[in-house]
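Visitor: Could you build the full structure based on these sequences and the hints that come with them?
Going by numbering that gives the first Met the number 0, the first residue of the sequence shown is number 0, and it counts up by one from there.
It is worth saying that the hints were derived from the structure and are not from the lab. Predicted, not measured: the structure shown is a model, and the values here were computed from it. Just so you know, not all the hints are guaranteed correct.
30 Å max Cα-Cα, derived DSSO-like pairs, lysine-lysine [said to hold, decoys possible]:
no., residue 1, residue 2
1, K152, K62
2, K32, K62
3, K148, K25
4, K114, K25
5, K32, K152
6, K114, K152
Listed next, with one range per pair, are the computed distances between beta-carbon atoms [what the hints assert, rightly or not]:
no., residue 1, residue 2, range
7, D116, D18, 13 to 23 Å
8, I2, K62, 34 to 44 Å
9, D111, D77, 13 to 23 Å
Note that CB positions come from ideal geometry on N, CA and C, so glycine has one too.
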Amino acid sequence: MAIEDVFTLMKPDSHANPDNLNRTLKMILNQTKLEVYAIKWINPTRELILAHYAEVRPALVYKFGQEKGEGIFSDIIDYMVGEFHNINELLAIVYRGPNAIQTLRNLNGATDPEKADPKSIRGLFGEKNYHFGRYPPVIFNVMHCSDSKETRKIETELFFGNNYKNIGRVKNSLF
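Guide: Now the structure itself:
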């Protein structure tokens, strides 16, 4: 099995409750053979998050129509820059190990926490938030995870720059 990297991004709701962040990180390290390769706290700008989710906007407009799709996209951007949790920090982590992308995607669970395996990260810690009066509701799903080697490369360079491989392996005992 090939060793590969996977990019993850711990979203604002993951550390609105520090216990959830710690439990999520420990869950990843305990249930996988993955190692933390690079890690970085980020104060995201709207420009950074717009670049990260650039491909999502047309898909939402196509699925929901112009007005509703743009509204959902706007909620995603607000969520990621901390508008809903008053937390303007993201934790970017590159994990490395065998079949890292699929391993983490399986552990992360479905995008919609209500459809995610109850034992997955999103099943345990994610939620649909109906309190903002929006339809569909805002989804707080804890963690982003690359879906392919191609997106991992793009996302890693976006958040770490193109020299992340020079950072070196981080000891998992940090968690």
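Visitor: Would you pick out the hints that fail for this structure and give their numbers low to high?
Guide: Violated hint (a single one): 2; every other hint is consistent with the structure.
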